[in-house]
Amino acid sequence: DAKTTQPPSMDCAEGRAANLPCNHSTISGNEYVYWYRQIHSQGPQYIIHGLKNNETNEMASLIITEDRKSSTLILPHATLRDTAVYYCIVRDAGGTSYGKLTFGQGTILTVHP
Amino acid sequence: GAVVSQHPSRVICKSGTSVKIECRSLDFQATTMFWYRQFPKQSLMLMATSNEGSKATYEQGVEKDKFLINHASLTLSTLTVTSAHPEDSSFYICSARGHTFQHFGDGTRLSIL
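Protein chains in written order, with the working numbering: chain A, 1 to 113; chain B, 1 to 113.
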């Protein structure tokens, strides 16, 4: 699976949009971009995923560049409960590694009042 | 939505004890489950892939005789840490592969005295 690069930490004011970037310059055509987050002492929580089109759900929006080499997760109105480690993961859609997720160091997002 | 239940949430036991952790998919059948380990201030590391009715596939460096995995049904996988020692103290997290993404349990914090 392709490697991802994320900033180690980011801050955001409560109520503002949080934009978390992720670089995945070696992504291949059949690899999806997944975002998970992990709140302290809990298991990771799925947020959103996409292949090449932008995606939106009740939690967040995912913007993928046209060349697919980078993406941005957007939390439109961050709250204190959004403070967590956010992981951007590129995952093969098939093959022998199907389903395996390789977690990097992620971005520690701190939302402050 | 889909839920993965992990039990127990916390275990404290003496060195040399064997500890079993259960991972259940509550409202869907999971032919594949995954076991991760997370040390303090580090990311999740995949230990093994558990397939229902067959032997688990272990990642490089993970001792299969130390970490016994059983996936006897479509809703239950167990991880047994045999003869646990203090260096096995960690946060163990399971996940189940759903239709489009993995669902994670809330983890088991294992402390070996």
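Derived from the structure by calculation, the hints contain no laboratory data. From the three backbone atoms N, C-alpha and C, an ideal C-beta is built for every residue, glycine too. Just to be clear, a hint being listed does not mean it is correct.
A few chain A residues that don't get close to chain B, going by computed Cβ distances all over 10 Å [as the list claims (entries may be wrong)]:
| id | residue |
| --- | --- |
| 1 | S9 |
| 2 | G29 |
| 3 | N30 |
| 4 | E31 |
| 5 | Q45 |
| 6 | T83 |
| 7 | K100 |
| 8 | L101 |
With a straight-line cut-off of 30 Å between C-alpha atoms, the simulated DSBU-like cross-links for lysine-lysine are [stated by the list, open to error]:
| id | chain 1 | residue 1 | chain 2 | residue 2 |
| --- | --- | --- | --- | --- |
| 9 | A | K3 | B | K64 |
| 10 | A | K100 | B | K64 |
| 11 | A | K3 | B | K20 |
| 12 | A | K69 | B | K66 |
| 13 | A | K3 | A | K52 |
| 14 | B | K66 | B | K14 |
| 15 | B | K64 | B | K20 |
| 16 | A | K52 | B | K14 |
| 17 | A | K69 | B | K64 |
| 18 | B | K55 | A | K3 |
Item to complete: Please name the hints from earlier in the document that this structure breaks, with their numbers sorted from lowest to highest.
Response: 5, 7, 8, 11, 12, 16 and 17
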